[in-house]
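Please work from the sequences and hints to get the whole structure.
Protein chains in written order, with the working numbering: chain A, 1 to 115; chain B, 1001 to 1110.
Please keep in mind that the hints were generated in silico from the structure rather than gathered at the bench.
Built from N, CA and C at the ideal position, the CB exists for glycine as well.
The reader is advised that the hints may include incorrect statements.
Sample of chain A residues at the chain B side, in silico, Cβ under 8 Å [as the list claims (entries may be wrong)]:
#: 1; residue: Gly40
#: 2; residue: Gly42
#: 3; residue: Leu69
#: 4; residue: Phe106
#: 5; residue: Gly107
With beta-carbon atoms standing in for the labels, derived distance ranges [what the hints assert, rightly or not]:
#: 6; chain 1: B; residue 1: Phe1009; chain 2: A; residue 2: Thr15; range: 46 to 56 Å
#: 7; chain 1: A; residue 1: Pro39; chain 2: B; residue 2: Gly1082; range: 21 to 31 Å
#: 8; chain 1: B; residue 1: Gly1040; chain 2: A; residue 2: Asp26; range: 21 to 31 Å
#: 9; chain 1: A; residue 1: Lys9; chain 2: B; residue 2: Gln1057; range: 17 to 27 Å
#: 10; chain 1: A; residue 1: Leu22; chain 2: B; residue 2: Val1019; range: 38 to 48 Å
#: 11; chain 1: B; residue 1: Lys1068; chain 2: A; residue 2: Glu59; range: 37 to 47 Å
#: 12; chain 1: B; residue 1: Asn1052; chain 2: A; residue 2: Ser84; range: 16 to 26 Å
#: 13; chain 1: B; residue 1: Phe1050; chain 2: A; residue 2: Gly51; range: 23 to 33 Å
#: 14; chain 1: B; residue 1: Ser1017; chain 2: A; residue 2: Lys14; range: 18 to 28 Å
#: 15; chain 1: B; residue 1: Leu1045; chain 2: A; residue 2: Lys71; range: 15 to 25 Å
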Amino acid sequence: NAGVTQTPKFRVLKTGQSMTLLCAQDMNHEYMYWYRQDPGMGLRLIHYSVGEGTTAKGEVPDGYNVSRLKKQNFLLGLESAAPSQTSVYFCASSYRRGRPEAEAFFGQGTRLTVV
Amino acid sequence: GEDVEQSLFLSVREGDSSVINCTYTDSSSTYLYWYKQEPGAGLQLLTYIFSNMDMKQDQRLTVLLNKKDKHLSLRIADTQTGDSAIYFCADAQPGNQFYFGTGTSLTVIP
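This is the structure:
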């Protein structure tokens, strides 16, 4: 019962470096999300996907790109990291067709520090 | 977009009831959720309520929904130290977009 798995769990980047965060889910969920969590601001949606091959912008998409080449994976990329991107990043997935409730399941988070 | 608001902090004594409040702005919500986040962990679903319900009880948890006022609350009876965490309300819009509140940090004083 892996659920939603994020890698890596921690990362320190220098300003201008790039990296990719990987999210994998094994629940056959249609929807996947990337959020960032900052103190006093709750969770803010970066990008989301409603199915394989589709992505859409959320509330704070600038500086990030995503891809959903396979249904079970959702990748978040930072092309040129900035200190403002220091945050805890959470991936989530939801919605299995035929079920009315839409509970979102979360990964354990990735703590990213940009110096 | 949707605005979901919560107060940031709440302190209660062990054994008392806790009430965490949430307001939202969009009346097209389908489900409303309460999530719990323990230190260093992701969010875990506590309970949810369908938008056509007024109340849902689940052991020590009671969720009240006032659709007219767009107000959601979570009551935890007999609060324990293990209930100390951050609690998020979330609103699921049609199309499965989730909007989260800022989170309420609950501290339980022994």
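Q) Taking the beta carbons of Ser1017 (chain B) and Lys14 (chain A), is their distance inside 18 to 28 Å? A) For Ser1017 (chain B) and Lys14 (chain A) the Cβ distance comes to about 49 Å; the hint is violated.
Q: Go ahead and decide if the range 37 to 47 Å is satisfied by the Cβ distance of Lys1068 (chain B) to Glu59 (chain A).
A: 27 Å, violated
Q.
Hint Gly107 (chain A) vs chain B: min CB-CB distance below 8 Å?
A. Hint holds; Gly107 (chain A) Cβ to chain B Cβ min 6 Å, cut 8 Å.
Q. Does 21 to 31 Å hold as the CB distance between Gly1040 (chain B) and Asp26 (chain A), or does it fail?
A. Because 23 Å falls inside the window, the suggested range holds.
Q. Taking 8 Å as the limit, does the beta-carbon of Phe106 (chain A) come near enough to a beta-carbon in chain B?
A. 4 Å, holds
**Q.** Pairwise beta carbon distance, Asn1052 (chain B) to Ser84 (chain A), judged against the given window 16 to 26 Å
**A.** 41 Å, violated
Q) Should the interface hint for Gly42 (chain A) be scored as holding, given a Cβ-Cβ cut-off of 8 Å against chain B? A) The hint holds - Gly42 (chain A) has a Cβ within 8 Å of chain B, the shortest such distance being about 4 Å.
(Q) 17 to 27 Å was suggested as the range; check whether the CB atoms of Lys9 (chain A) and Gln1057 (chain B) agree with it. (A) Between Lys9 (chain A) and Gln1057 (chain B), where Cβ atoms are some 36 Å apart, the hint is violated.
Q: So, Leu69 (chain A) near chain B? Judge it on the closest CB pair being under 8 Å.
A: This interface hint is violated because 20 Å lies over the 8 Å limit.
Q.
For the hint 46 to 56 Å, verify it against the beta carbon of Phe1009 (chain B) and that of Thr15 (chain A).
A. 33 Å, violated
Q: Return the status of the interface hint for Gly40 (chain A): holds when the least beta-carbon distance to chain B is below 8 Å, violated otherwise.
A: 6 Å, holds
Q: Mind checking the hinted window 21 to 31 Å against the Cβ distance between Pro39 (chain A) and Gly1082 (chain B)?
A: 23 Å, holds
The structure does not agree with the numbered hints 3, 6, 9, 11, 12, 14 stated previously, though it agrees with the rest.
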